[in-house]
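Undergrad: Chains as they are written, first to last, in our numbering: chain G, 1 to 434; chain S, 1 to 434; chain A, 1 to 434; chain Y, 1 to 434.
It is worth saying that the hints were derived from the structure and are not from the lab. It cannot be assumed that every hint is accurate.
Said to hold, decoys possible - Keeping only pairs whose Cα atoms sit at most 30 Å apart, straight-line, the calculated DSS-like set for lysine-lysine is: (1) Lys253/Y - Lys88/G; (2) Lys319/A - Lys405/Y; (3) Lys140/G - Lys414/S; (4) Lys7/A - Lys140/Y; (5) Lys284/S - Lys36/G; (6) Lys417/G - Lys263/S; (7) Lys263/G - Lys419/S; (8) Lys7/Y - Lys114/Y; (9) Lys424/G - Lys379/A; (10) Lys263/G - Lys140/S; (11) Lys263/A - Lys405/Y; (12) Lys399/S - Lys284/G; (13) Lys284/Y - Lys284/A; (14) Lys263/S - Lys330/S; (15) Lys211/Y - Lys399/S; (16) Lys263/A - Lys258/Y; (17) Lys405/G - Lys327/G; (18) Lys284/Y - Lys155/Y; (19) Lys7/A - Lys253/A; (20) Lys140/A - Lys12/S; (21) Lys36/G - Lys12/S; (22) Lys155/S - Lys36/G; (23) Lys155/Y - Lys424/A; (24) Lys140/A - Lys36/A; (25) Lys253/A - Lys211/A; (26) Lys140/S - Lys258/G; (27) Lys379/A - Lys12/S; (28) Lys405/A - Lys419/A; (29) Lys7/S - Lys85/A; (30) Lys420/S - Lys331/S; (31) Lys319/G - Lys284/G; (32) Lys284/Y - Lys319/Y; (33) Lys330/S - Lys420/G; (34) Lys331/G - Lys319/A.
Claimed, not checked - In silico negatives: residues of chain A with every beta carbon more than 10 Å from chain Y: (35) Gly34; (36) Val141; (37) Ala271.
Ideal Cβ placement from N, Cα and C applies to all residues, glycine included.
Protein chains: 4
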Amino acid sequence: MHYSEQKLTEEKVFKDPVHRYVHVRDQVIWDLIGTKEFQRLRRIKQLGTTFLTFHGAEHSRFNHSLGVYEIIRRIVDDVFHDRPKWNKEDRLLSLCAGLLHDLGHGPFSHSFEKVFDLDHEHFTQEIILGNTEVNAVLTKVHPDFPKRVAEVIGKTSANKIVISLISSQIDADRMDYLQRDAYFTGVSYGQFDMERILRVMRPHEDQVMIKQTGMHAVEDYIMSRYQMYWQVYFHPVTRSAEVILTKILHRVKELYQKGYRFKQEPAHFTAFFENTLTLEDYLKLDESILFYYFQVWQDEADEILSDLCLRFVNRNLFKYVEFDPAKEYKKLAELSALFEKAGINPDYYLVVDSSSDLPYDFYRPGEEEERLPIHLLMKSGEIRELSRESEIVDAISGKRRTDHKLYFPEDILKDDKTKKNIKKQIRTLLDMRS
Amino acid sequence: MHYSEQKLTEEKVFKDPVHRYVHVRDQVIWDLIGTKEFQRLRRIKQLGTTFLTFHGAEHSRFNHSLGVYEIIRRIVDDVFHDRPKWNKEDRLLSLCAGLLHDLGHGPFSHSFEKVFDLDHEHFTQEIILGNTEVNAVLTKVHPDFPKRVAEVIGKTSANKIVISLISSQIDADRMDYLQRDAYFTGVSYGQFDMERILRVMRPHEDQVMIKQTGMHAVEDYIMSRYQMYWQVYFHPVTRSAEVILTKILHRVKELYQKGYRFKQEPAHFTAFFENTLTLEDYLKLDESILFYYFQVWQDEADEILSDLCLRFVNRNLFKYVEFDPAKEYKKLAELSALFEKAGINPDYYLVVDSSSDLPYDFYRPGEEEERLPIHLLMKSGEIRELSRESEIVDAISGKRRTDHKLYFPEDILKDDKTKKNIKKQIRTLLDMRS
Amino acid sequence: MHYSEQKLTEEKVFKDPVHRYVHVRDQVIWDLIGTKEFQRLRRIKQLGTTFLTFHGAEHSRFNHSLGVYEIIRRIVDDVFHDRPKWNKEDRLLSLCAGLLHDLGHGPFSHSFEKVFDLDHEHFTQEIILGNTEVNAVLTKVHPDFPKRVAEVIGKTSANKIVISLISSQIDADRMDYLQRDAYFTGVSYGQFDMERILRVMRPHEDQVMIKQTGMHAVEDYIMSRYQMYWQVYFHPVTRSAEVILTKILHRVKELYQKGYRFKQEPAHFTAFFENTLTLEDYLKLDESILFYYFQVWQDEADEILSDLCLRFVNRNLFKYVEFDPAKEYKKLAELSALFEKAGINPDYYLVVDSSSDLPYDFYRPGEEEERLPIHLLMKSGEIRELSRESEIVDAISGKRRTDHKLYFPEDILKDDKTKKNIKKQIRTLLDMRS
Amino acid sequence: MHYSEQKLTEEKVFKDPVHRYVHVRDQVIWDLIGTKEFQRLRRIKQLGTTFLTFHGAEHSRFNHSLGVYEIIRRIVDDVFHDRPKWNKEDRLLSLCAGLLHDLGHGPFSHSFEKVFDLDHEHFTQEIILGNTEVNAVLTKVHPDFPKRVAEVIGKTSANKIVISLISSQIDADRMDYLQRDAYFTGVSYGQFDMERILRVMRPHEDQVMIKQTGMHAVEDYIMSRYQMYWQVYFHPVTRSAEVILTKILHRVKELYQKGYRFKQEPAHFTAFFENTLTLEDYLKLDESILFYYFQVWQDEADEILSDLCLRFVNRNLFKYVEFDPAKEYKKLAELSALFEKAGINPDYYLVVDSSSDLPYDFYRPGEEEERLPIHLLMKSGEIRELSRESEIVDAISGKRRTDHKLYFPEDILKDDKTKKNIKKQIRTLLDMRS
């Protein structure tokens, strides 16, 4: 039997707290899970710094990737299997793309990518197409198979149905992470009736559509997503930790570029600093490596680096106030000047952070990122865009919500041993209770 | 108001997936949670290598410690509060001891302690009594308070009631970890009706006792514990990872002692190797540090060290067979000799591992570890040891169960490129399908 | 000790699947639960005919009433207890009003009240104030106490805080039924984080308000309510059963008034038919009485009564189509005429049913029913109406949604043994597949 | 297509709180659910009088029957489907037998059957084989099919595999009711990992067996069953209600046989009293009919009947003490004499009730009821009886546990207005606090 068709003698199951069990029958999937590139995802947290706000959020991207795979497996094996518009040959492609869609994520990728101008989707492609164990497994299926999987993940594939399973406004990725992140944080918001949604998904033309009877379950899913964004993903304490993390990386990069002599050479970062990054360098990084450096850097002579690392590791975070950058830019300039005067570097200790989300959107051709809307298959056979049928979705559709906060170290500003008066001025401007 | 009585202006809550919320009202508790020694527990997994078997088990000891605190808080604030035999002054002592009981745990402490002959309980005492942030907070309560907390955790305190809240056959520690580990692994076995048990706990004489009406909930708890031990804690795959981890530490210690030249100096381990360990050295270690070294050691010249590190990091574990060391010691000697012949060092690649548990025990004076049995408060006022009332508990009481397995690297033994015939002999002895 | 202060020697608990345990410490509450008027609620389903759509929905109003009591108990004992604006003397009043708020409900009250022009709130008052066991218990607290409880339930009390605990857009009644009905039906929509909402409730001026930090939990609660209305409470199959039930009651009343001779005298209904209803008559009715009659009426000579009873008891319900009464009144007239021709009485077999809900509303003075909006207590101390802060709530606020359906017996219309052509015309008009 | 093969155009689903969804694809199953005999199960509670102890336990046998069907559907469609030892032609037989296995249950059957010497299994057979809607549906499958279904339920079928799916020590019936009763009562004991058990069930020789790897899930299931029996099914308060119910039926039968003139003729019972029972008479009975009579009998002249009915309907139950009939028969005689003296009929007011259960048993040939033990399929291919492999099961295997209680009306015995001294003597003997 050809490798792509090989089944394990005995089905393997992973006990999963969200989906109860993750079932693996295909030798290809089993082999992919065993690769070192996939195992590396165990060392990268799904929610980055969120564990400093919600202590349960310590789960890894490995966890989530298995979950996405399992959802897709249920869709293709239990729901799409015999549907006329479903091409059974897309089964393995869908499973592999689902399993591997986050493969290129690095540690705390949000901050990391910003500082080093990287893109995890690019690395996902590199890992799939490069000289890796993952590529070796996929190539055994067919020499073209790595490319096909990469195109699905990169959304350049002609196979729109499979793309929409993995990347759309209602895809296996979102359905897994909402439930999984809700489970591990312990919040109730991420719950929705996934089993119902799976049962009403239909491959139709270029997209997975939803039978009209499942509309309310989809509404509930969209509300879950909205709540998770504002209650969990954009939580201001999490963003505080991320602000510090970003500033650590900025500082160390700046120091390196200025020729600062580190007590211990930041060997794992050199390629990043010097723009000579190879895939091998990238794959060596994970959160344990970062935490190792954050701990050794606590003993560095540079006070800013040392202080920021101590803060991050010991969770001594920045405080925040609401801040409107459009209106309060003058105040920001004033604060910045006062920080300088007080001997507190505002580049590192006075930070505006903005979070923004669009809960659902219909199609807006030509916009920055064209979002595929969710379509309903009506009983009549007609196809209707979701927000035209659902009053609730219509009410929030296309409405971007943004939140701005200004972060700063409250403890330093309250320490009146030095620069007492300037600090008082700062506190007044920041509306801190003295 | 004295520090020990200070309440937060606004109660703080942690969202907890197991207990829904962890409530903190005491300034002392809030300050303890903020210390760097307590925050360090975020970087140590509750279940060590179990995440390689149950992917959900990525939760930290920080998580669990908050949970134990919360259970004790509910007992002392909601159940014991007004009971005549409860001394309200023991409240803060109980809360602190519960919160801090695992403070001295190091990374993968089971393996680590075995190799370096350490004891985490010893370090818990050291952290509480030494020059630490935790000690500073406790001393603010009262100069004697650190010692009192340490004595409760060390079970040398005269305050038996508080000891039994934290260390007995039905204590807050066990009640939290059974539920928490069940939650994160996703297995159903760890569930029992804790709310019911809490409601029937009574401070009585030298021990927390259980009202007769709660006996069935306690039976269920003991069965949960039994199942969790054999289904989760002693899972043979987890033990395989632990075997490898132990062998890595053995190897690196051996190499160091032999004067091997490491490409990168194992600075964090020197004090362990040279027996010059200070508390500061100990506290620097966490799982990220270990994982950092496991990754750099993959590139070491020593083949055994490099191979074992690759195995651990990429989850390429040893396989196992059932093994009875009492009967099969000759076979083990034979295997060992064959491994030598095949050029596979049996000290590192042929390992017997044994797990053993006593699900419940009544009092056996003079035994190695005297276990405090669970006592029931009968309606009649009489006190009865649990196994005399419960047929189910009686049936398993005092029955130690032990499991032995023999671990080895299947992949090497199946690789017939070298030493084909010897490996075949080994495989036959191990009853491996060739 | 005065009766109103008496505590049970040992707290009583009811195992409750929604709130885990319902705790009773007050002798007054215990005595109220034991009255025959309160026990009668066991024989009245919380969701009337819904069990014919969601088979799990067999739970009684007894169930729900205990749940409402428990929520109020948690609010007053755990949250409001020491708040400056909370009057501790309102505790027992709140508990009693919560426990008894649904006391006057009869069997399938929605249909029953429509046909006999009754109002369950009126009967709740009657039971509390009349010659009943409940009244005797309340009077022991204080001769005025029954009146005070009745005024809270009737919303005429001057005690607005207590009223808003029980009857407002976010009250203990709604919080219990949403969760309970979700639990028993098995749908996931009714879940929200009640524990969070309870923690942020504050007695403030004339109303219970919500701390700003709890806004998202309240949004989630409002969405839950919206979904429960459209997914469960207004389910078209449930309404079909209710249509039939209503028609049974209409028919039996009509027959009685026409002097029809029943095989078995409908003794329990006589007072309803003749408008001589006493409280005693009312209290004798429950669902078992109704089901008894529905079964004996199956053998009545009147074909309509017999047929409708057979349908209800054996769940042979009417089918439905979407129907717009404003636009399709001519079609309805036409159908009605055709039904007459076909020998099918349209008064009983062609029924328009409308359901309508307002998910949330701000204050509209002078409207039919003035709804107290939900107010947020901002950090700044300001008070803000919910829809001004929440975009999601604003989006659905004040938007009434109505659904109309036309019900008819598909089986009769498909039976072509008689009036074949007329029935075909009807089927065409109703757009039934022949 | 033949009727037995017909599928519904669109799969029907029932929302089920225990199994999430119950899926129906077969026309035969859909038709069976629609019969009036099956719908009748909606009017019979699954747990009889248990709702008077656990208020959530108001669910019907209809509920449970759908659940058993769904479990069998999952086994035969998802697990057994392609197994060599499974005969696909047994699929429909298994589904029908599972769905209908409780069809003959009457209202409060435990008490009812005792008083009238009936057996619900007999009526299940009668309904399947007699002139009923159920029989008509089954006959459409094949004229022999009703008989085949009846034989499976009656355990006389030659098809042992199908019998063991429905009636064995680990069958779909038990797996559903443990989980369902736990869900509705709210106790945690009934939970076990059914999904795991289903996955390891194998049709093997004459019995469904369990793969060795599932042993611990089975242990957990057996413990769940043990706990549910003693915590829920044999709860002394439930038994008190049942004692009263039984005595009501005894009294009314005795009165009828003595020629007592009822105010309202107990028409539904005549056939039971006179031993002229037809299937039609039997099917007319349900709990609403019983409750109707219990309410009208409250107004009967016979004081015992009236009192017992008032007690049952208003939940004014008997109290109880532990009682050992083997040792305390003299005391019972003495009490009985004193009751006579006090004018309290001991036949109705002094009742010994015994409950007894065997948690698990291995095979004991020739015993009253031969129980099929649970067999494990070992990896080696060997078959082992469960208690030989599981220490826990071995510990409780074959150990019958029995509980005896003596029930009496505490309120009458405490009422000292009459027979003061005799009542005092009774209270002393019963060890009641005066």
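Undergrad: Now tell me, hint by hint, if it's right for this structure.
TA: Structure-based check of each hint:
1. For the suggested pair Lys253/Y and Lys88/G, the alpha carbons sit about 68 Å apart, so the restraint of at most 30 Å is broken.
2. Distance restraint check for Lys319/A and Lys405/Y: the Cα-Cα separation of roughly 53 Å exceeds the 30 Å cut-off, and the hinted pair is therefore not satisfied.
3. Among the hinted pairs, Lys140/G with Lys414/S is consistent with the structure: their alpha-carbon atoms are about 22 Å apart, no more than 30 Å.
4. The hinted pair formed by Lys7/A and Lys140/Y fails the criterion: a straight-line CA distance of about 64 Å is larger than 30 Å.
5. Restraint check: the Cα-Cα separation between Lys284/S and Lys36/G comes to about 28 Å, which is no more than 30 Å; the hinted pair holds.
6. The suggested pairing of Lys417/G with Lys263/S is violated, with an alpha-carbon distance near 46 Å, which exceeds 30 Å.
7. In summary, the hint linking Lys263/G to Lys419/S is not supported, as the alpha carbons are separated by about 48 Å, beyond the 30 Å threshold.
8. Pair hint Lys7/Y plus Lys114/Y does not hold up; C-alpha atoms about 42 Å apart against a cutoff of 30 Å.
9. Between the alpha carbons of Lys424/G and Lys379/A the distance comes to roughly 23 Å, so the proposed pair stays at or under 30 Å and holds.
10. Under the criterion of a C-alpha separation no larger than 30 Å, the hint pairing Lys263/G with Lys140/S is inconsistent with the structure, at around 36 Å.
11. Only pairs whose Cα atoms come within 30 Å are accepted, and Lys263/A paired with Lys405/Y is rejected, the gap being roughly 46 Å.
12. Between Lys399/S and Lys284/G the CA atoms are separated by roughly 48 Å; this puts the pair beyond 30 Å, and the hint is violated.
13. The hinted pair formed by Lys284/Y and Lys284/A meets the criterion: a straight-line CA distance of about 22 Å does not exceed 30 Å.
14. Pair hint Lys263/S plus Lys330/S does not hold up; C-alpha atoms about 40 Å apart against a cutoff of 30 Å.
15. Restraint check: the Cα-Cα separation between Lys211/Y and Lys399/S comes to about 26 Å, which is no more than 30 Å; the hinted pair holds.
16. Annotation: proposed proximity of Lys263/A to Lys258/Y holds, straight-line Cα distance about 28 Å (limit 30 Å).
17. Only pairs whose Cα atoms come within 30 Å are accepted, and Lys405/G paired with Lys327/G is accepted, the gap being roughly 13 Å.
18. Between Lys284/Y and Lys155/Y the CA atoms are separated by roughly 27 Å; this keeps the pair inside 30 Å, and the hint holds.
19. A hinted pair counts as satisfied when its Cα atoms are at most 30 Å apart, and Lys7/A with Lys253/A does not qualify at roughly 48 Å.
20. The hinted pair formed by Lys140/A and Lys12/S fails the criterion: a straight-line CA distance of about 42 Å is larger than 30 Å.
21. Among the hinted pairs, Lys36/G with Lys12/S is inconsistent with the structure: their alpha-carbon atoms are about 41 Å apart, more than 30 Å.
22. Annotation: proposed proximity of Lys155/S to Lys36/G is violated, straight-line Cα distance about 45 Å (limit 30 Å).
23. Only pairs whose Cα atoms come within 30 Å are accepted, and Lys155/Y paired with Lys424/A is rejected, the gap being roughly 50 Å.
24. Under the criterion of a C-alpha separation no larger than 30 Å, the hint pairing Lys140/A with Lys36/A is consistent with the structure, at around 17 Å.
25. About 52 Å separates the Cα atoms of Lys253/A and Lys211/A, which puts this hinted pair outside 30 Å; it is violated.
26. Our distance criterion of 30 Å between C-alpha atoms is broken by Lys140/S and Lys258/G, whose separation comes to about 44 Å.
27. Restraint check for Lys379/A and Lys12/S: satisfied, since their Cα atoms lie roughly 16 Å apart, inside the 30 Å limit.
28. For the hint pairing Lys405/A with Lys419/A, the CA-to-CA distance comes to about 25 Å; that is within 30 Å, so the pair holds.
29. Simply put, Lys7/S and Lys85/A have alpha-carbon atoms about 21 Å apart, close enough for the 30 Å limit, and the pair holds.
30. Pair hint Lys420/S plus Lys331/S holds up; C-alpha atoms about 20 Å apart against a cutoff of 30 Å.
31. Taking the CA atoms of Lys319/G and Lys284/G, the gap is about 33 Å. The hint is violated against a cut of 30 Å.
32. Taken as a hint, the Lys284/Y and Lys319/Y pair is broken in the structure, with Cα atoms around 33 Å apart against an allowance of 30 Å.
33. Between Lys330/S and Lys420/G the alpha-carbon distance is near 78 Å, which puts this suggested pair outside the 30 Å criterion.
34. Our distance criterion of 30 Å between C-alpha atoms is broken by Lys331/G and Lys319/A, whose separation comes to about 66 Å.
35. For Gly34/A, the condition that its CB be more than 10 Å from all CB atoms of chain Y is violated, with the nearest at approximately 8 Å.
36. Consistency note on Val141/A: stated as away from chain Y, and its beta-carbon is indeed over 10 Å from all of that chain's, at 22 Å minimum.
37. Separation of Ala271/A from chain Y is adequate, the least Cβ-Cβ distance of about 16 Å exceeding the 10 Å criterion.
In this structure, the hints that do not hold are numbers 1, 2, 4, 6, 7, 8, 10, 11, 12, 14, 19, 20, 21, 22, 23, 25, 26, 31, 32, 33, 34 and 35, in rising order.
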